[in-house]
Amino acid sequence: MSLPMLPGYSFNRNLGRESFHKSQLWGFCNSVPMLLNENKPGNKPKFSVFPQGLGSDAPSWVAFDKQVLSFDAYFEDEVPDKNQELYRIRYCKIFFYLEDDTIQVLEPQLKNSGMPQGTFIRRHRIPLPPPNEDQFYTIHDFNINTDIVFYSRVFKIYNCDKFTKNFLRKMGITVNPPGSCPDDSYMKERKKTVDRMNPLRPYERFDTLRQFLEHDGHVLRFYCLWDDSESLFGDPRELVLHYFLSDDTIEVKEVIPSNSGRDAIPLFLNRRKLPKFAPTGIYHPGQITDRTLLNVFGGLEGNRGRYLLDNCKTGALNQEFYKDKDLKIGEIINIWGRKVLLCDCDEFTKQYYKTKYGIVDFTPIPYKNSPPPKVERIFPPYHGYGSEEDSLCSCLGLMPKPPQKDFKKFMEKDSYGLVSHVLRFLAKFDTEDCVDKDRRFIISYYLNDDTLAVFEPRIRNSGVIGGKFLERSRIKKPGQLLFKSEPSEYFKAQDLFVGARVSFNGHIFILLNGDEYAFSYMEQHADEFPMSNIDLILKKLKDIGSPSAREIKLIFASADPQHTKVLDYETFRDVMMNITNKKLTEHEIMTIGRYYGVREDSDADLTFLLSLAQDQLKKYTFEIFDKIIDMCIYKDQAKTGLLPSSALKTLCKSFRVPLPDDLLRALLSKFEDRQEQINYQNFFCAINWRVNSVPPLQTFTCAAVKKEESWNYVPPPLPVKCIRYLPLLEDLFGLDD
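Numbered according to the numbering used here, the sequence shown spans residues 1 to 737.
Worth flagging that the hints you see were computed from the coordinates, not collected in a lab.
Computed beta-carbon distance windows for the label pairs:
| # | residue 1 | residue 2 | range |
| --- | --- | --- | --- |
| 1 | MET171 | PRO33 | 25 to 35 Å |
| 2 | GLN637 | LYS565 | 39 to 49 Å |
| 3 | PRO131 | TYR91 | 28 to 38 Å |
| 4 | LYS408 | LYS476 | 16 to 26 Å |
Note that the structure is a prediction, hence the values are computed from the model and not measured. Glycine included, each C-beta is placed from N, C-alpha and C at the ideal position.
Using the sequences provided together with the hints, build the complete structure.
As structure tokens, then:
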């Protein structure tokens, strides 16, 4: 028996002690934090049923990690000053954590209990009641049908879970049979009172929140047909039915065809629940209710009024509304007296019915009428005023609009940077007149708007003024009627190639040559230009020469008596004309020559280009080469003396060097190395007509013209001088001998 807790009756257990520190369980070993003290928290049984040496030597905080014993218990809580109950039975759960002998008590929450419930005792080690308050509860203190005292409150354990029973048996503890838990008399009477109570509101509450949360945004779509042909001026009408799964409402929209004469109403049926048997009668307000009010007494002021409800719901009107299970393809539904046939549905609807109802047959019912025959629009012939496109726009609507231009093509093919998107060709008149047969023209084709411009270089003492020969515009192809309904055909880029014979407003031109940009652009877009498509040309050449392949090889061999395996361009052209019987155009032969040619840079070509450049610079007295070189030195941050070809061309443009675009490009290509770098000192010293003057050549002179019309005014030198014919023969026929 413990002594009463009175002054002088308590025994001080600290008498005679000098050290009052608590033992430290954790520490560091080899700079690793770990448990060092032998007096570790955890399950330490007083005895064991297992022989010594068996089992694991792992510590309890490792062996019993996340293992918890659960006990069902209750305790009696006195309720003073209340006649309805003297005490209350409070149920709780006791959790014993095996890893560190900590205990936690939880009280489950009860609805409208009026008490704070949840964690009753937080998790920690609980000391034993006096006189053993210096010790803590262990697993051997727990069993079924035993009383446990936690801080002077008695908890009665009456049951535990299956894991706890098995664990106690393994520890050698005899588990008592489970007991029973008494009922709380007050809560039992209160439950009976609640069960006898009826709802005081006259309307029942229907819980639709779950349906809304699960199916919000989910809509079934059916394509329907309402055959109204029996009524006066009626006809079949297409409808679209939407079934909203969130609240079982339906809306119907009408598909109004164009020029039907009907107003474009927003909805055929507003969103609402659709009754199956409609139209129904007209009821007074309050006549249709879910609950009938039998009697009201006591006044309605405040809470003193009372009313009686009809639990049998004799006044309720049971209306049946369409649900998702009532809708399927081939079903006829009643939309307020209109018989509507469901003909088809969308993919989401098919997947919904396949998942929920297992329906797999969704064969649609044809409901759309065959489209009426398309009436071909016949336009009146062109009357001659304005352009054809502008006159055609006046026939397309009451309010004429200007003709639309291809803005996308304009932006893609417009000149920007160093890309001009202009194809230039050298041409002459197709005539035998001694005055006109020596005249030369530059034909410029602008890819951004398919326009053409013709320029004639001025030749001294020729008797011809020269200059702009044809204003930039689109040119119609010859042989077309002037006044017709169909739009006229204009010259395209595909109609221009070397050797072509074109007629511009009655003037017949023969295209003799093209600039390097024109050839390169056509080869890069070979699918648009068949004359520059090497695959099509080789296929055509193979079809022509396959029957006489051996003779063709002999012709090439006889044209090369020195066995150099290359032919100059003129000889190669004569051979190609001979073996194809002039079935290949000049442009196709040039394409083959460019593909199999040996590109060589000669001093004569460089001298020719320098002579042209210096003659042009001398005409404009351009002498600021020192400033350009200073800017090049500034741009050359690495001080290598080299700059990229594109950067050097940009500098020439910024200083307004008066050289045509093609001539400048050809000059830069002569000074490029393999990395497309140029020694700018050598380049500008070479074109400096004051320092390194080149003897002038007898060439045509060129007047000052616009930059977009300027070009080499003589036939440009061919980019290739020699053609390797052996690879050509190998690609065509193979080299058998």
